[in-house]
Amino acid sequence: MTFSLSAALAGLAGGALIGAAAVTLMLLNGRIAGISGIAGGALLAEPGERLWRLVFLAGLVVGGLLYRLVAGDFPLHLQAGWPQLLVAGLLVGFGTRMGSGCTSGHGICGIARGSQRSLVATVTFIGTAMLTVWLLRQLGGS
Amino acid sequence: MPLLGALLAGTLFGLGLSVSGMSDPLRVIGFLDVTGAWDPTLLFVMGGALLVTWLGFRWVLQRPAPLFANSFAVPTLQALDRRLLLGSVLFGVGWGLAGFCPGPAVTALAAGVPDVLVFLAAMLAGMWCEAKLASLR
Numbered sequence: 002m003t004f005s006l007s008a009a010l011a012g013l014a015g016g017a018l019i020g021a022a023a024v025t026l027m028l029l030n031g032r033i034a035g036i037s038g039i040a041g042g043a044l045l046a047e048p049g050e051r052l053w054r055l056v057f058l059a060g061l062v063v064g065g066l067l068y069r070l071v072a073g074d075f076p077l078h079l080q081a082g083w084p085q086l087l088v089a090g091l092l093v094g095f096g097t098r099m100g101s102g103c104t105s106g107h108g109i110c111g112i113a114r115g116s117q118r119s120l121v122a123t124v125t126f127i128g129t130a131m132l133t134v135w136l137l138r139q140l141g142g143s
Numbered sequence: 526m527p528l529l530g531a532l533l534a535g536t537l538f539g540l541g542l543s544v545s546g547m548s549d550p551l552r553v554i555g556f557l558d559v560t561g562a563w564d565p566t567l568l569f570v571m572g573g574a575l576l577v578t579w580l581g582f583r584w585v586l587q588r589p590a591p592l593f594a595n596s597f598a599v600p601t602l603q604a605l606d607r608r609l610l611l612g613s614v615l616f617g618v619g620w621g622l623a624g625f626c627p628g629p630a631v632t633a634l635a636a637g638v639p640d641v642l643v644f645l646a647a648m649l650a651g652m653w654c655e656a657k658l659a660s661l662r
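Residue numbers (my numbering), protein chains in the order written: chain Z, 2 to 143; chain G, 526 to 662.
Chain Z with its partners taken away, still in its complex shape (with noise of 0.2 Å):
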């Protein structure tokens, strides 16, 4: 797949809906539309807390299931056999619950808020996801 103008004008819409999307939390429920925060807590919070999330996280299969609907097709290339998501998957959760967020909640909206704390993690996981993919380049791996 390569770039294109209508690859970054989907981008800039799609982010512009992800935009929509924290801001619409903050304002309806006075949250952070961080989603490893809500999976975690999904998973790991007091029963109370539980539901919203489970009901966010329904709503991201909904919101894909209806582009799937309208586009007609659902693109998904996956990078990796099942070890290596196993592998993945595992690193992503602790890495995430650790460092307090993933891409949405740190990348989006904490340096939407100004956080240097979210500045530096996003950084910091941008700059090794890069080194990974590079590594494994070298390693003549997919």
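Just so you know, these hints were derived from the structure itself, not from any lab.
Warning: the hint list may mix true and false statements.
Beta-carbon label-pair distances, calculated as ranges [claimed, not checked]:
1. G:LEU576 x Z:ASP74: 24 to 30 Å
2. Z:LEU6 x G:LEU661: 47 to 53 Å
3. G:ALA646 x Z:ARG69: 21 to 27 Å
4. Z:GLN139 x G:LYS657: 33 to 39 Å
5. G:ASP606 x Z:SER5: 38 to 44 Å
6. G:ALA646 x Z:ASP74: 21 to 27 Å
7. G:ALA594 x Z:GLN139: 46 to 52 Å
Just so you know, these numbers come straight off a predicted model, no measurement behind them.
Backbone N, C-alpha and C define an ideal beta-carbon position, used for all residues, glycine too.
Following the hints, complete the assembly by docking chain G onto the known chain Z.
Just chain G now, kept in the frame of chain Z:
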């Protein structure tokens, strides 16, 4: 009402991830692969999302309270500590290995491919382990 707010925000978020192309690991890895055929789409997504969120938060956080809750729950931590840095490093390695971060991985369930469940199950297991380990300290 808070459940309606969560459903609306979640749906918008999932739609945004799908429209932007970020629910496809190929696009994400394309961005992370700076020495290959670099795909800058993710920068446009971040730009659009940050602009709307920055403007929106400036407006919303001036209000006395959210519409469906008593108060805003906004993080107050300031310190750049070891947990923030080490956690972000581990997350970055996992993100680079699969091209999935939490939001896109949940949204990608819409594709109906079982591999996504493998990633999500492992992600939840990782979150559980971190909570257990943190409670031991």
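task = Hints the structure violates: just list their numbers, smallest first.
result = none
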